[in-house]
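Protein sequence lines, in the order shown, are assigned to chains P and U. The first sequence maps to residues 2 to 113 in this note's numbering. The second sequence maps to residues 2 to 113 in this note's numbering.
Derived from the structure by calculation, the hints contain no laboratory data. Glycine is no exception: its CB is placed at the ideal position from the N, C-alpha and C atoms. There's no promise every hint is true.
Not everything, but these chain P residues come out facing chain U in the computed CB check (under 7 Å) [to be verified]:
1. Leu28
2. Asp39
3. Pro40
4. Gln102
5. Phe104
6. Pro106
Far from chain P, some chain U residues (derived; all Cβ distances over 12 Å) [unchecked claim]:
7. Arg2
8. Gly17
9. Glu44
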Amino acid sequence: DGGITQSPKYLFRKEGQNVTLSCEQNLNHDAMYWYRQDPGQGLRLIYYSQIVNDFQKGDIAEGYSVSREKKESFPLTVTSAQKNPTAFYLCASSIAGLGEQFFGPGTRLTVL
Amino acid sequence: RKEVEQDPGPFNVPEGATVAFNCTYSNSASQSFFWYRQDCRKEPKLLMSVYSSGNEDGRFTAQLNRASQYISLLIRDSKLSDSATYLCVVTPQSYNFNKFYFGSGTKLNVKP
């Protein structure tokens, strides 16, 4: 079955640590995205990528970094510079240029 | 001004009721419109795309009003399982990339 997978489902981090969230898709989509969702809030765009080896900052990129070395993979690193990283992180993909986004099941990050 | 605005609700309705949500968008160049459903602590899932002529899928009807820049979702004969948050999504749809703008969501509670 085609889809998007994210791991881990739950992640706990100590203050000052960097953590990397995984996102993999086998939908052959060109575009991939990372969003953050806080309780009772909408989705806010962190980073997006249209093609391999290219990515752009979204609205709240500070304290985050990404890479896009393969079409299928778009990992997100939450660095110690991110002041308030506790949130629900969602990865999505779409066929660039048309259509809707498909989401992975999300990673819930908690900073202890 | 936000790109997409929704009434956060909650809308509390009895089973069998008809309920309607509206969503307004600010960019008149917006081209594609979607309604997503998000269950508590889960990822958003596409409910339906919204076409210029309006579209219907079972108990759900979506409409687009470009002149007034809003889209609507009508749910007839509400079921307990319709309880969720409904997200309005708008995109300008460039040639090779979609940047998706999400509303904060409207929460629906269907009561027995």
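Each hint tested on the structure:
Here the hint on Leu28 (chain P) is broken, as its CB sits about 13 Å from the closest CB of chain U, past 7 Å. Residue-level restraint check for Asp39 (chain P) is violated (minimum Cβ-Cβ distance to chain U is 10 Å; threshold 7 Å). Checking Pro40 (chain P) against chain U by beta carbon gives a least distance of about 10 Å; that is not within 7 Å, so the hint is violated. Interface hint status for Gln102 (chain P): upheld, as the beta-carbon distance to the closest one in chain U is roughly 6 Å, under 7 Å.
For Phe104 (chain P), the suggested interface contact is upheld, since its CB lies about 4 Å from the closest CB of chain U, less than 7 Å. A hinted interface residue such as Pro106 (chain P) counts as satisfied when its beta carbon comes closer than 7 Å to some beta carbon of chain U; here the least separation is about 5 Å, so the hint holds. Annotated as non-interface, Arg2 (chain U) keeps its C-beta farther than 12 Å from every C-beta of chain P; the closest such distance is 15 Å. Gly17 (chain U), annotated as away from the interface, keeps every beta carbon of chain P farther than 12 Å; the closest lies near 28 Å.
For Glu44 (chain U), the requirement that its beta carbon stay farther than 12 Å from each beta carbon of chain P is not met, with the minimum near 4 Å.
Violation of the numbered hints given earlier is confined to hints 1, 2, 3, 9; the remaining hints are satisfied by the structure.
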